[in-house]
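Novice: Chains as they are written, first to last, in the UniProt record's numbering: chain L, 1 to 280; chain C, 1 to 304.
Careful: at least some of the hints might be erroneous.
Said to hold, decoys possible - Taking beta-carbon pairs under 10 Å as the criterion, some of the chain C residues facing chain L (in silico): (1) PHE12; (2) LEU39; (3) LEU50; (4) GLU52; (5) LEU56; (6) ALA57; (7) ASN58; (8) LEU128; (9) TRP135; (10) PHE176; (11) ILE184; (12) VAL203; (13) ALA240; (14) PRO250; (15) MET252; (16) PHE282.
Said to hold, decoys possible - Below are the PhoX-like pairs computed for lysine-lysine, each with C-alpha atoms no more than 25 Å apart in a straight line: (17) C/LYS195 to L/LYS267; (18) C/LYS195 to C/LYS210; (19) L/LYS10 to C/LYS195; (20) C/LYS111 to L/LYS184; (21) L/LYS10 to L/LYS101; (22) L/LYS10 to C/LYS297; (23) L/LYS267 to C/LYS109; (24) L/LYS184 to L/LYS195; (25) C/LYS109 to C/LYS195; (26) C/LYS111 to L/LYS10; (27) L/LYS267 to L/LYS195.
By construction, these hints were calculated from the structure, which means they are not laboratory data.
Just so it is clear, the structure is predicted and the values come from calculations on it, not from any experiment.
By construction, the Cβ of each residue, glycine as well, lies at the ideal position given by its N, Cα and C atoms.
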Amino acid sequence: MKTDLSPRIKVALYGLMCVLLIPFVFPTWWMITSSVKPISDIFAFPPDLWPRRFDFSTYAQVFELQPFARQYWNSAYIAAIVTAGTMIVSSMAGYAFARIKFPFSNAIFMVVLLGLLIPSEVTIVPLFQMFLGWGMINTHWPLILVPIFGAPSVFATFVMRQFFIALPTELEEAARVDGLGRFKIFWIIALPLAKPALGAVAIFTFLHSWNLYLEPIVFLSSTQMFTLPQALTQFTDAYGGAMWNIQLAAATMTAIPVLLVFIVAQKQFVEGLAHTGLKG
Amino acid sequence: MSLATEKETRPFWTIARRDAAAGYLFIAPQLIGIVIFVLIPLGLVFWYSLHEWNVLANSFNYVGAANYQMLLADPSLPQVLTASAIFSAGLVVLNLSLALLLAVLLDQKLKGIVVFRTLFFSPVVVSLVAWTIVWSFLLQNNGGINGMLSAFGIEGPNWLRTPTTAMISVVVVQVFKNVGLNMILFLAALQGVPKELYEAARVDGAGAFKQFRRITLPLISPTILLTSIITIVGSLQVFAQIAVLTQGGPGMSTTVLVYYLYQQAFQFHFFGYGSTLSILLFVIVAVLTFAQWQLRKRVVFYEN
Chain L
1 MKTDLSPRIK VALYGLMCVL LIPFVFPTWW MITSSVKPIS DIFAFPPDLW
51 PRRFDFSTYA QVFELQPFAR QYWNSAYIAA IVTAGTMIVS SMAGYAFARI
101 KFPFSNAIFM VVLLGLLIPS EVTIVPLFQM FLGWGMINTH WPLILVPIFG
151 APSVFATFVM RQFFIALPTE LEEAARVDGL GRFKIFWIIA LPLAKPALGA
201 VAIFTFLHSW NLYLEPIVFL SSTQMFTLPQ ALTQFTDAYG GAMWNIQLAA
251 ATMTAIPVLL VFIVAQKQFV EGLAHTGLKG
Chain C
1 MSLATEKETR PFWTIARRDA AAGYLFIAPQ LIGIVIFVLI PLGLVFWYSL
51 HEWNVLANSF NYVGAANYQM LLADPSLPQV LTASAIFSAG LVVLNLSLAL
101 LLAVLLDQKL KGIVVFRTLF FSPVVVSLVA WTIVWSFLLQ NNGGINGMLS
151 AFGIEGPNWL RTPTTAMISV VVVQVFKNVG LNMILFLAAL QGVPKELYEA
201 ARVDGAGAFK QFRRITLPLI SPTILLTSII TIVGSLQVFA QIAVLTQGGP
251 GMSTTVLVYY LYQQAFQFHF FGYGSTLSIL LFVIVAVLTF AQWQLRKRVV
301 FYEN
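Starting from the given sequences, assemble the full structure and let the hints guide the process.
Specialist: Written as structure tokens, this is what we have:
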């Protein structure tokens, strides 16, 4: 519906969008500004859109109250491994389902797709028992293994398969005539062409791992092992009341790096997500 | 042996066989993962659901369908299912309509539209629990939202401590968090609609609204179906938002199925009954997904 709009309509559209933006932007703004307010100002009335006094000691307290640097590292390295692992597992499986002829491939694909129907929440009880039996409770293994190989990776495999199906085969055919093996064709020719799909897979896999909450609170018990989402909810005083400014400082530190990466690379982010098999 | 190989005219590793082997190798990590982390646990969860199993009491007894009878008689179940239904329905309707509205706005020829796109999308990349904590802070009785409202002379409710507003809050917080994803998918779909169709419709005298209903909606219906499936299945998995904002309360007004399952299994240690609730969740997800795929045949419009 791209038509040139009259100036009056343009102004109205800008106005509408600015109003709609409030609930999207204001919380992040409020999180950052409140994290540097002293606790006495945090519920000030009327609310201060800009802190009247600054108190940066909240940021130091985050690290005093919990092993926050360690928890940050936990979340970061788990998300990195899960993202890399999912990209490998899903691109290989997606490629094979799209390109290679082998007996029962369709039947096996249907079995794999079952993963979409069975969210991890359904299997959390037996998964807990299995990891308990393997001595992996209060380790990061469940948070690494299940996302890479289990249900969460199926969506990535599906996206990769859709991408490879739509990809022209000429280059690969030529390579085959030249006698290249399947693995080399995949690695040297197909995978570099699949960068947009891989980018999308990387983004949503990273966010999924970074946001994981039910699994960490089920599998992890010691603060040293906690991931960020879990740690964020632990900033409470002796009576269980939330220490808002400290909690918001921790939340700010959790949110800002990813937000910055997103703003720098927003084109790749948004277009990567839009132009993959997700399109349906 | 050697005689046999000499007689063999074709090598064992034909191209087809080599391909098949490569195919199995390529899918092996995913397939083995699905067997170990999805199919075996699914079997186990069914097996557990036939047992009375309390970890604290160290009891594990076969009880047949007793857990399922308990499920049907569970006085909390109607509340839990109602809360889940309200949450999912509210989320899907709000999410899809807001996503579509934003996508239509972002599809306009306006300067600086990419900035708006970035800002609308930004909550998607904000850590889920961080986002929820900020909203929890804003929704406190003396928090930012009621502060703003009172500036206009409105006395806001205690959002998270009143059943109706608690439910509205969890839905709305989740919508603003993730609507950007569906917005982007809709935007891509809108941009895929051939412009000539609108030209033709304008020549025929169709207004903007009619164009939207007769051209845009049918052509983006596959995307609407896909996003609605993803959104519904996602809405049934909601956990962190409930745990941080309301802990299922007040009363049980926001105790959705996954949260109830978590409480039964990991807070009260009823693993058998928790497994029965897992089976219920699985059946609901399966039925909804199947129903939507069936619906696709009747409602969704395909060009070819």
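Novice: Indicate, hint by hint, whether the structure satisfies it.
Specialist: Hint check results:
1. A least Cβ separation of about 16 Å between C/PHE12 and chain L goes past the 10 Å threshold, and the interface hint is therefore violated.
2. The beta carbon of C/LEU39 comes within 7 Å of a beta carbon in chain L, closer than 10 Å, and the hint placing it at the interface holds.
3. The beta carbon of C/LEU50 is not positioned within 10 Å of any beta carbon in chain L (closest approach about 13 Å), and the interface hint is therefore violated.
4. Because the smallest distance between the Cβ of C/GLU52 and any Cβ of chain L comes to about 14 Å, over 10 Å, the interface hint for this residue is violated.
5. About 15 Å separates the beta-carbon of C/LEU56 from the nearest beta-carbon of chain L, more than 10 Å, and the hint is not met.
6. For the restraint placing C/ALA57 at the interface with chain L, the shortest Cβ-Cβ distance is roughly 16 Å, beyond the 10 Å limit, so the hint is violated.
7. A distance limit of 10 Å between C-beta atoms decides the matter here; for C/ASN58 the minimum to chain L is near 14 Å, and the interface restraint is violated.
8. Taken as an interface hint, C/LEU128 checks out: its beta carbon lies about 4 Å from the nearest beta carbon of chain L, inside 10 Å.
9. For C/TRP135, the suggested interface contact is upheld, since its CB lies about 6 Å from the closest CB of chain L, less than 10 Å.
10. The beta carbon of C/PHE176 is positioned within 10 Å of a beta carbon in chain L (closest approach about 5 Å), and the interface hint is therefore held.
11. Taken as an interface hint, C/ILE184 checks out: its beta carbon lies about 5 Å from the nearest beta carbon of chain L, inside 10 Å.
12. With its C-beta approaching chain L no nearer than about 13 Å, C/VAL203 sits outside the 10 Å limit, and its interface hint is violated.
13. Taken as an interface hint, C/ALA240 checks out: its beta carbon lies about 4 Å from the nearest beta carbon of chain L, inside 10 Å.
14. Contact between C/PRO250 and chain L, as hinted, is not supported at the beta carbon level, the nearest pair being about 17 Å apart and thus beyond 10 Å.
15. Because the closest C-beta pair between C/MET252 and chain L is about 18 Å apart, greater than 10 Å, the hint is violated.
16. Look at C/PHE282: its Cβ gets to within about 5 Å of chain L, closer than 10 Å, so that hint holds up.
17. Only pairs whose Cα atoms come within 25 Å are accepted, and C/LYS195 paired with L/LYS267 is accepted, the gap being roughly 24 Å.
18. Of the supplied pair hints, the one linking C/LYS195 and C/LYS210 holds, its CA atoms being roughly 15 Å apart against a limit of 25 Å.
19. For the proposed pair L/LYS10 and C/LYS195, the alpha carbon gap of about 21 Å is at most 25 Å, so the pair holds.
20. With a C-alpha separation of about 46 Å, the suggested pair C/LYS111 and L/LYS184 falls outside the 25 Å cut-off, and the hint is violated.
21. A C-alpha spacing of about 54 Å is found between L/LYS10 and L/LYS101, which places the hinted pair above 25 Å, so the restraint is violated.
22. A threshold of 25 Å between alpha carbons decides the hint, and for L/LYS10 with C/LYS297 the separation of about 39 Å lies outside it, so the pair is violated.
23. The hinted pair formed by L/LYS267 and C/LYS109 meets the criterion: a straight-line CA distance of about 18 Å does not exceed 25 Å.
24. Distance hint between L/LYS184 and L/LYS195 is fulfilled; the C-alpha atoms sit about 17 Å from each other, no more than 25 Å.
25. Restraint check for C/LYS109 and C/LYS195: the C-alpha separation of about 14 Å stays at or below 25 Å, so the hint holds.
26. Simply put, C/LYS111 and L/LYS10 have alpha-carbon atoms about 10 Å apart, close enough for the 25 Å limit, and the pair holds.
27. Between L/LYS267 and L/LYS195 the alpha-carbon distance is near 14 Å, which keeps this suggested pair within the 25 Å criterion.
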